[in-house]
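Read off the chains here:
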Amino acid sequence: MLCLGVQSLMFGQTKDMVLIEGSRYIPLYGRDSTVVEVKDFKMDIYPVSTENYKQFLKDNPKWRKSKIVSLFADKSYLSNWKTDLEPNDSIHPNSPVNYVSWFAAKAYCECQNKRLPTIDEWEYVAMADETTKDARVKPSYNAQILAWYEAPRTKESRIGETPKNAWGIYDLHGLVWEWTLDFNSVLITGESRKDVDKDSNLFCGSAAVNATDLMNYAAFMRYAIRGSLKAKYSMKNLGFRCVQDIKKENK
Amino acid sequence: MRTLKLLLGIVVSGLLILSSCKENDQKENSSTAEIPVSREMIAELTAPPNVPTPVGRRKAKKLIVNMEILEEEGELTDGVKYVYWTFGGSVPGSFIRTRVGDEVEFTLSNHPDNKLPHNIDLHAVTGPGGGAESSFVAPGHEKTFSFKTLNPGLYVYHCATAPVGMHIANGMYGLILVEPEGGLPQVDKEYYIMQGDFYTKGKNGERGLQPFDMQKAVDENADYVVFNGSVGALTGDNAITAKVGETVRLYVGNGGPNLVSSFHVIGEIFDKVHVEGGDLVNENVQTTLIPAGGAAIVEFRVDVPGTFILVDHSIFRAFNKGALGMLKVEGEEEKKIYSGEIREGIYLPEGPGIQNMPTTDEIVESEIPAKSFEEQMEFGKQIYMQTCFACHQAEGQGIPNAFPPLAKSDYLNADVDRAIGVVINGLSGEITVNGEKYNSVMTKQMISSDDVANVLTYVYNSWGNSKKVVTKKMVDDVKKK
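Top to bottom, those sequences are chains A and B.
For the first sequence, the working numbering begins at 1 and goes up steadily by one.
For the second sequence, the working numbering begins at 1 and goes up steadily by one.
Simulated from the structure, these hints should not be mistaken for lab results.
Don't be surprised by glycine CBs; every beta carbon is placed ideally from N, CA and C.
Treat the hints with care, since some could be wrong.
[What the hints assert, rightly or not] With a Cα cut of at most 30 Å, we get these calculated DSS-like pairs of lysine-lysine:
#  : chain 1 : residue 1 : chain 2 : residue 2
1  : B       : Lys272    : B       : Lys189
2  : B       : Lys201    : A       : Lys138
3  : A       : Lys106    : A       : Lys164
4  : B       : Lys371    : B       : Lys328
5  : A       : Lys82     : B       : Lys189
6  : A       : Lys42     : A       : Lys138
7  : A       : Lys65     : B       : Lys143
8  : A       : Lys106    : B       : Lys143
9  : A       : Lys164    : B       : Lys201
10 : B       : Lys371    : B       : Lys408
11 : A       : Lys75     : A       : Lys247
12 : B       : Lys408    : A       : Lys133
13 : A       : Lys138    : B       : Lys203
14 : B       : Lys328    : B       : Lys148
15 : A       : Lys67     : A       : Lys232
16 : B       : Lys468    : B       : Lys480
17 : B       : Lys371    : A       : Lys133
18 : A       : Lys58     : A       : Lys39
19 : B       : Lys81     : B       : Lys216
20 : A       : Lys67     : B       : Lys143
21 : B       : Lys216    : A       : Lys138
22 : B       : Lys59     : B       : Lys189
23 : B       : Lys216    : A       : Lys230
24 : A       : Lys75     : B       : Lys62
25 : B       : Lys243    : B       : Lys371
26 : B       : Lys371    : B       : Lys444
27 : B       : Lys143    : A       : Lys138
28 : A       : Lys230    : B       : Lys371
29 : A       : Lys232    : B       : Lys216
30 : B       : Lys81     : B       : Lys203
31 : A       : Lys75     : B       : Lys480
32 : B       : Lys481    : B       : Lys437
33 : B       : Lys243    : B       : Lys143
[Unchecked claim] A partial selection of chain A residues facing chain B, derived with a Cβ cut-off under 10 Å:
#  : residue
34 : Val69
35 : Ala107
36 : Trp177
37 : Leu181
38 : Ser185
39 : Tyr223
40 : Gly227
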């Protein structure tokens, strides 16, 4: 991916990222073997803001709404921006960028020497609540997340207003859905009940008895939303953040 | 469809297993499948309790159905808010009326403000997932698919997106009617009623915005069981109506997600029931069973005026959880069919037969008058639990739309003498209590002046009321008026 602009490299600093120590865990859906291994990586503390994205558009005209190739974004791409470089007045610069396609999100991260997180990485960090790195057993963890999923039309919130989780990351839950690199690898066909007998190791993100935690409704809903997406879609409640691999010693 | 199609869905949420098995008669299918369609028509969709115009004699058409999914806050009962997920903005969702042979072009639009993906599984569809797979749609997008209605009947549709149970529990169900060629026989009134069970974090009646409680849903421990999405959706001003002599047809569905409905109309016998919404017609039915994810068409002629109560005859659901609706019938009395009360008497097995009720003067005075406020409260509570509790409930909260509250009741606190009068003489007709209108009957209470004083003292000194103390003298003074 060709990135234009020097600045973009500059604001891809790692000071806004934290180190996530990798480990093995059992996600809602097993893939291959059930246990998933996540290597060490760094993750953006915050989702990408409207202001960040504006800078990206300044440096990379081809991702502006008037220029973008229709293969890479549907008509709703940046539909809340009044011009190529100006979001609507109602949008706060520090609100999460939304109405972006997967292609655009991926390009944004790559332009900063980063990438989108995989589902496994994202879910791994998102298991944490404010105090525990795997809070999935706590009823309060699930209930809080569900409360957001259920609430309609949450107002346009700003980045960083939800509680910081145990890794030091904000807004994984409670602000916007987030793109993942392999969002469509956990396959939901849309007929969630049929996914049960999908052969292969592509597990449904829905209603299968092979889910490891039947009560993790919040995770079911995330897998469902991912399954409903196509890479060129953009949506009001969908943003993204980037991660970075740990370089071997010096870069 | 020439082969046996087995659609087996296993639904994780609530370990609810929905399975539908369609074995299609090849001959019948090939006949309805080959009904030609002429012209296009936009389907009329209606919110409950209304249904669209009957198909009548129209030919099969290409029927355009546009349905929008909205996630929005609504009122489950007075003071209790709930976030409903809806097909078309109502629970149950819009009623779809088709005839056999129609080619339905179905567009499902997921509003951009919504958070979640959704889809639709119509039980009237012959095809994998009932359309679920083809209609799975992200917020801000829409999906179109089409199907031909092969089998006449009344069918449920619902969302089948994971977690399925939760989508259904939040209100994502409705009915689609496939009328036979030439339409169903004409009737005077048609209504759309659908039962559903709701699971909230707080107990029944706990105020405020109540989130969905998945543990209760898994345990099938419903806080609310209601018709048409909320307590009171079919009572009071929202009651359905008919006139004496009219034939009423109810399209009754059950969205579940968990409970099976024993649908009954108090004081009516169903002349005809399309059992499970299909071709089989049963006659003279008192209560018909409607499975979760199933439906029935019931018909009856209303012969006498009055209010007929629609219930799930699993009766605690009706009186404690909300599964109660009303059909108000206006017209001339028909004494031959129903006389109303003719006489009232006291039955004394050992005595000389029927006696008249004593007049109030003859009420036996209580043998042990209360000596203190504490005793008044104690005796008053006993009277309350024997006499008042059934309607006004343990905490004086009453029953919405039926029996007014006594707790923090403006009507009660405004006028003690009026309250005494109500207990002694009874009350009927419309009153307004705490801003809500009630129109029901309280019979006069055959209790002594002491007891009236005690029970009212108890009520006035409970549940945030004005702490008045009512004495026997005050009661007697009212009696003398």
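Each hint tested on the structure:
1. Distance restraint check for Lys272 of chain B and Lys189 of chain B: the Cα-Cα separation of roughly 15 Å lies within the 30 Å cut-off, and the hinted pair is therefore satisfied.
2. A C-alpha spacing of about 16 Å is found between Lys201 of chain B and Lys138 of chain A, which places the hinted pair at or below 30 Å, so the restraint holds.
3. Proximity of Lys106 of chain A to Lys164 of chain A is assessed by CA-CA distance (about 25 Å); at most 30 Å being required, the pair is judged to hold.
4. Taking the CA atoms of Lys371 of chain B and Lys328 of chain B, the gap is near 48 Å; set against the 30 Å cutoff, the hint is violated.
5. Restraint check: the Cα-Cα separation between Lys82 of chain A and Lys189 of chain B comes to about 52 Å, which exceeds 30 Å; the hinted pair is violated.
6. With a C-alpha separation of about 26 Å, the suggested pairing of Lys42 of chain A with Lys138 of chain A holds against the 30 Å cut-off.
7. This hinted pair checks out: Lys65 of chain A and Lys143 of chain B have alpha carbons roughly 24 Å apart, not beyond 30 Å.
8. Distance hint between Lys106 of chain A and Lys143 of chain B is fulfilled; the C-alpha atoms sit about 26 Å from each other, no more than 30 Å.
9. For the hint linking Lys164 of chain A to Lys201 of chain B, the alpha-carbon distance of about 26 Å falls within 30 Å, and the restraint holds.
10. With a C-alpha separation of about 27 Å, the suggested pair Lys371 of chain B and Lys408 of chain B falls inside the 30 Å cut-off, and the hint holds.
11. A C-alpha spacing of about 38 Å is found between Lys75 of chain A and Lys247 of chain A, which places the hinted pair above 30 Å, so the restraint is violated.
12. Proposed proximity of Lys408 of chain B and Lys133 of chain A is contradicted: the alpha carbons are some 47 Å apart, above 30 Å.
13. Distance check on the hinted pair: Lys138 of chain A and Lys203 of chain B sit about 22 Å apart at the alpha-carbon level, within 30 Å; holds.
14. Only pairs whose Cα atoms come within 30 Å are accepted, and Lys328 of chain B paired with Lys148 of chain B is rejected, the gap being roughly 38 Å.
15. For a cut-off of 30 Å, the pair hint linking Lys67 of chain A to Lys232 of chain A stands: about 15 Å separates their Cα positions.
16. Between Lys468 of chain B and Lys480 of chain B, the direct Cα distance comes to roughly 21 Å. Compliance with the 30 Å bound is thereby established for this hinted pair.
17. For the given pair, Lys371 of chain B sits about 64 Å from Lys133 of chain A by alpha-carbon distance, which is inconsistent with the 30 Å threshold.
18. Proposed proximity of Lys58 of chain A and Lys39 of chain A is contradicted: the alpha carbons are some 34 Å apart, above 30 Å.
19. Of the supplied pair hints, the one linking Lys81 of chain B and Lys216 of chain B holds, its CA atoms being roughly 18 Å apart against a limit of 30 Å.
20. At most 30 Å may separate the alpha-carbon atoms for a hinted pair to count; Lys67 of chain A and Lys143 of chain B meet this at roughly 27 Å.
21. A C-alpha spacing of about 17 Å is found between Lys216 of chain B and Lys138 of chain A, which places the hinted pair at or below 30 Å, so the restraint holds.
22. With a C-alpha separation of about 23 Å, the suggested pair Lys59 of chain B and Lys189 of chain B falls inside the 30 Å cut-off, and the hint holds.
23. For the given pair, Lys216 of chain B sits about 34 Å from Lys230 of chain A by alpha-carbon distance, which is inconsistent with the 30 Å threshold.
24. For the given pair, Lys75 of chain A sits about 29 Å from Lys62 of chain B by alpha-carbon distance, which is consistent with the 30 Å threshold.
25. Pair hint Lys243 of chain B plus Lys371 of chain B does not hold up; C-alpha atoms about 55 Å apart against a cutoff of 30 Å.
26. Restraint check: the Cα-Cα separation between Lys371 of chain B and Lys444 of chain B comes to about 26 Å, which is no more than 30 Å; the hinted pair holds.
27. Taking the CA atoms of Lys143 of chain B and Lys138 of chain A, the gap is near 37 Å; set against the 30 Å cutoff, the hint is violated.
28. Taking the CA atoms of Lys230 of chain A and Lys371 of chain B, the gap is about 79 Å. The hint is violated against a cut of 30 Å.
29. Taking the CA atoms of Lys232 of chain A and Lys216 of chain B, the gap is near 39 Å; set against the 30 Å cutoff, the hint is violated.
30. In summary, the hint linking Lys81 of chain B to Lys203 of chain B is supported, as the alpha carbons are separated by about 13 Å, within the 30 Å threshold.
31. A distance of roughly 80 Å separates the Cα atoms of Lys75 of chain A and Lys480 of chain B; the hinted pair therefore is violated under the 30 Å criterion.
32. Proximity of Lys481 of chain B to Lys437 of chain B is assessed by CA-CA distance (about 28 Å); at most 30 Å being required, the pair is judged to hold.
33. Between Lys243 of chain B and Lys143 of chain B, the direct Cα distance comes to roughly 43 Å. Violation of the 30 Å bound is thereby established for this hinted pair.
34. Because the smallest distance between the Cβ of Val69 of chain A and any Cβ of chain B comes to about 20 Å, over 10 Å, the interface hint for this residue is violated.
35. Interface restraint check: Ala107 of chain A against chain B, minimum CB-CB distance 21 Å, threshold 10 Å, status violated.
36. Taking 10 Å as the C-beta contact cut-off toward chain B, the hint placing Trp177 of chain A at the interface holds, the least distance being around 8 Å.
37. This hint is violated: Leu181 of chain A has a C-beta 18 Å from the nearest C-beta of chain B, more than the 10 Å allowed.
38. Hint status for Ser185 of chain A relative to chain B: violated, with the closest Cβ pair at about 16 Å, above 10 Å.
39. Checking Tyr223 of chain A against chain B: minimum C-beta separation of about 7 Å stays under 10 Å; hint holds.
40. Checking Gly227 of chain A against chain B: minimum C-beta separation of about 7 Å stays under 10 Å; hint holds.
Violated hints, listed in ascending order, are 4, 5, 11, 12, 14, 17, 18, 23, 25, 27, 28, 29, 31, 33, 34, 35, 37, 38; each of the other numbered hints is respected by the structure.
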